[in-house]
Amino acid sequence: MSDLISTQDLTKRFDGLVAVNQVNFSLQEGQVAGIIGPNGSGKTTLFNLLSGFFPPSAGRITFCGKDITKIPPHKRVGMGMARTFQLVSVFDSLTVWENLVLSTIRFKRDQQSVQSFFFAPARKRIVVDDCLKSLELVGLEKKASARTSELSYGEKRMLEIAIGLSLKPRVLLLDEPLSGLSDHEIGGVLDLIHRVKKNFALVIIEHKISKIVSVVKKLSVMNEGKILCEGDPEQVLRDPAVRECYWGKEEENCST
Amino acid sequence: MRERELIALLVIAGGFLLITPVLSVNRVTDFMIFCIFAMSFDLLYGYMGRLSFGHLLFLGTGAYCSGLFLKYISRNPMLAIIVGILVAGLLGMLIGLIIVRTTGACFALINLAFNHIGFFLVLSPLRRITNGEDGFGIHALPFGFLNFSSRTTMYWFVLICLVLVFYLLKRVTSSPFGILIRSIKEDETRVKFLGYNTFFYKWVTFVLAGSVAGLAGTLTALNYNYVNPNVMDVHGNVGAVFACLIGGAGSLYGAVVGGVSYMVISNYLPIYIQRWEMFLGFALLMIIFRFQKGIWGYLQSVWEYVERKKTVMKAIGVGAVKR
Ligand SMILES: Nc1ncnc2c1ncn2[C@@H]1O[C@H](COP(=O)(O)OP(=O)(O)OP(=O)(O)O)[C@@H](O)[C@H]1O
Ligand SMILES: [Mg+2]
Numbered sequence: 001m002s003d004l005i006s007t008q009d010l011t012k013r014f015d016g017l018v019a020v021n022q023v024n025f026s027l028q029e030g031q032v033a034g035i036i037g038p039n040g041s042g043k044t045t046l047f048n049l050l051s052g053f054f055p056p057s058a059g060r061i062t063f064c065g066k067d068i069t070k071i072p073p074h075k076r077v078g079m080g081m082a083r084t085f086q087l088v089s090v091f092d093s094l095t096v097w098e099n100l101v102l103s104t105i106r107f108k109r110d111q112q113s114v115q116s117f118f119f120a121p122a123r124k125r126i127v128v129d130d131c132l133k134s135l136e137l138v139g140l141e142k143k144a145s146a147r148t149s150e151l152s153y154g155e156k157r158m159l160e161i162a163i164g165l166s167l168k169p170r171v172l173l174l175d176e177p178l179s180g181l182s183d184h185e186i187g188g189v190l191d192l193i194h195r196v197k198k199n200f201a202l203v204i205i206e207h208k209i210s211k212i213v214s215v216v217k218k219l220s221v222m223n224e225g226k227i228l229c230e231g232d233p234e235q236v237l238r239d240p241a242v243r244e245c246y247w248g249k250e251e252e253n254c255s256t
Numbered sequence: 257m258r259e260r261e262l263i264a265l266l267v268i269a270g271g272f273l274l275i276t277p278v279l280s281v282n283r284v285t286d287f288m289i290f291c292i293f294a295m296s297f298d299l300l301y302g303y304m305g306r307l308s309f310g311h312l313l314f315l316g317t318g319a320y321c322s323g324l325f326l327k328y329i330s331r332n333p334m335l336a337i338i339v340g341i342l343v344a345g346l347l348g349m350l351i352g353l354i355i356v357r358t359t360g361a362c363f364a365l366i367n368l369a370f371n372h373i374g375f376f377l378v379l380s381p382l383r384r385i386t387n388g389e390d391g392f393g394i395h396a397l398p399f400g401f402l403n404f405s406s407r408t409t410m411y412w413f414v415l416i417c418l419v420l421v422f423y424l425l426k427r428v429t430s431s432p433f434g435i436l437i438r439s440i441k442e443d444e445t446r447v448k449f450l451g452y453n454t455f456f457y458k459w460v461t462f463v464l465a466g467s468v469a470g471l472a473g474t475l476t477a478l479n480y481n482y483v484n485p486n487v488m489d490v491h492g493n494v495g496a497v498f499a500c501l502i503g504g505a506g507s508l509y510g511a512v513v514g515g516v517s518y519m520v521i522s523n524y525l526p527i528y529i530q531r532w533e534m535f536l537g538f539a540l541l542m543i544i545f546r547f548q549k550g551i552w553g554y555l556q557s558v559w560e561y562v563e564r565k566k567t568v569m570k571a572i573g574v575g576a577v578k579r
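Chains as they are written, first to last, in our numbering: chain A, 1 to 256; chain B, 257 to 579.
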């Protein structure tokens, strides 16, 4: 099977600091992968490179067999790459359903015409219905017409994932989707991931390995900008180098 | 939806008709032209979050181009209006390619710089045709039954333009495109990751705002039968900023309410207070610290509060009946 995403010696330097160092990451169609690593190990930077937030200092990125290294972010979205942000990023000044309009109408030919994009009201049946469907998926349909600023952090996170899903991606990149959530909300997000993961490939960055071990088929461990080890989650977690980098410090902390 | 739009248009037109006997036809015509300009400014500032200190460049371009057209090429007023709008739009397309790439202070100042250039151009290098500081008079022929040198005709014509611009911008701002530019105001990067080429849409907004300001310019020229560099004096930009802030940025109603308020203040206050600009400064401080949503925003929150109270009352009432 060919790779959906692959990177060749991908490197990102921030004057002096090498945040991502010659990373060769690959993901297959439909695969669910996890990336873990300590703070500042370059996980978010890797996502930023994949999604085109900034260009790499060196290396190449291939997506669906095409070199996308120099392609701007909005075109990568068009090709089927969607992402969320580590700090939840939704549009607070819009209502909840309005947050979904832009991603929803991308897939409606008739809504793409100049007339309906620029001059017809956004609030019309076929658009709102689809937005509501996306909201139902994450259980927010009751809050559709609330101001987004009134949502809780967990609800905003759900909304952000709903936006990602409504982009009908071939791969969805989730940057720490569980951080800052209560145990109950974490359950909700994991349940959602279980429900939708069959439709596309998924990459999840996470701090708490235990939470995602059950979901991911492949685990990569990053440290200081490099991929330390990757493969089957169980095996990776048994790797001494990983234990050293990941648990080592904690054990030290415990013993002292 | 349709009905609400119609009511809104009628209310606005009715409002202007109501204040006409109190003020005067001339004054209200001026007010309405300024409101058209304020709406175009609000599209950039209130909706897309890009504050420009040089938006008068487009009004000036509209005024000069339609004026020069009337003076040198043809005395057909309708053609002059079209030329004014088109040239202002074209200018927007051209300089928009550069300006739209910037944000924040840079956006404000680069607009200001272009405005200065425009002002300087009509003042000095183009003196031969623009007659520099003194400006030039124009004389438009009647167009059908529309006699543009009549005050009342001008009044009605501007009123219709205002209503049409309001309608157009209302449509545009409630469309998906409207959501897009409001999203750009909040977080442009995020919009890119929804798959939209934000540069293009910012450019479209800039061109639209420029063209509408151009229309305001052509109306200014026709209204005064006269064009001089004052129409694009950079200091005038403060008026638009003030109008949007006092009325409530990010709402067309706000722009109209603010436009009228600013015109009332700047037209009548000087009669009573010599240093009236000082009052403007104080008012601006008040708005920024106490009254951020502006008049319209304030009315809206009162309205929302009342609505909420009503629903709460209803809920209690229904509960009681059930029991
Ligand atoms: N835009 C930037 N400019 C300069 N340095 C940056 C930038 N983005 C990230 N860095 C640096 O790159 C390194 C890697 O950061 P990154 O955000 O990728 O880490 P991370 O693995 O996501 O960490 P966390 O678990 O805290 O989210 C950090 O040292 C960070 O300070
Ligand atoms: Mg991170």
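No lab work stands behind these hints: they were computed from the structure.
Do not rely on the hints blindly, as some may be mistaken.
Stated by the list, open to error - In silico SDA-like cross-links for lysine to any residue, where the CA-CA straight-line distance does not exceed 20 angstroms:
#  : chain 1 : residue 1 : chain 2 : residue 2
1  : B       : LYS441    : A       : SER89
2  : B       : LYS441    : A       : THR148
3  : A       : LYS75     : B       : VAL428
4  : A       : LYS226    : A       : SER214
5  : B       : LYS565    : A       : LYS75
6  : B       : LYS426    : A       : ALA120
7  : B       : LYS549    : A       : ARG238
8  : A       : LYS108    : A       : ARG125
9  : A       : LYS217    : A       : ILE193
10 : B       : LYS565    : A       : ARG147
11 : A       : LYS124    : B       : LYS565
12 : A       : LYS108    : B       : GLY451
13 : A       : LYS108    : B       : LEU365
14 : B       : LYS426    : A       : PHE119
Hint-by-hint comparison with the structure:
1. With a C-alpha separation of about 14 angstroms, the suggested pair B/LYS441 and A/SER89 falls inside the 20 angstroms cut-off, and the hint holds.
2. Proposed proximity of B/LYS441 and A/THR148 is supported: the alpha carbons are some 15 angstroms apart, at most 20 angstroms.
3. Distance restraint check for A/LYS75 and B/VAL428: the Cα-Cα separation of roughly 25 angstroms exceeds the 20 angstroms cut-off, and the hinted pair is therefore not satisfied.
4. At most 20 angstroms may separate the alpha-carbon atoms for a hinted pair to count; A/LYS226 and A/SER214 exceed this at roughly 24 angstroms.
5. Under the criterion of a C-alpha separation no larger than 20 angstroms, the hint pairing B/LYS565 with A/LYS75 is inconsistent with the structure, at around 47 angstroms.
6. Proximity of B/LYS426 to A/ALA120 is assessed by CA-CA distance (about 10 angstroms); at most 20 angstroms being required, the pair is judged to hold.
7. Pair hint B/LYS549 plus A/ARG238 does not hold up; C-alpha atoms about 58 angstroms apart against a cutoff of 20 angstroms.
8. In summary, the hint linking A/LYS108 to A/ARG125 is supported, as the alpha carbons are separated by about 13 angstroms, within the 20 angstroms threshold.
9. This hinted pair checks out: A/LYS217 and A/ILE193 have alpha carbons roughly 13 angstroms apart, not beyond 20 angstroms.
10. With a C-alpha separation of about 18 angstroms, the suggested pair B/LYS565 and A/ARG147 falls inside the 20 angstroms cut-off, and the hint holds.
11. Between A/LYS124 and B/LYS565, the direct Cα distance comes to roughly 28 angstroms. Violation of the 20 angstroms bound is thereby established for this hinted pair.
12. The straight-line distance between the Cα atoms of A/LYS108 and B/GLY451 is roughly 14 angstroms, inside the 20 angstroms bound, and the hint therefore holds.
13. As the CA atoms of A/LYS108 and B/LEU365 are separated by approximately 39 angstroms, the hinted pair breaks the 20 angstroms bound.
14. As the CA atoms of B/LYS426 and A/PHE119 are separated by approximately 9 angstroms, the hinted pair is consistent with the 20 angstroms bound.
Checked against the numbered hints given earlier, the structure breaks hints 3, 4, 5, 7, 11, 13 and satisfies all the rest.
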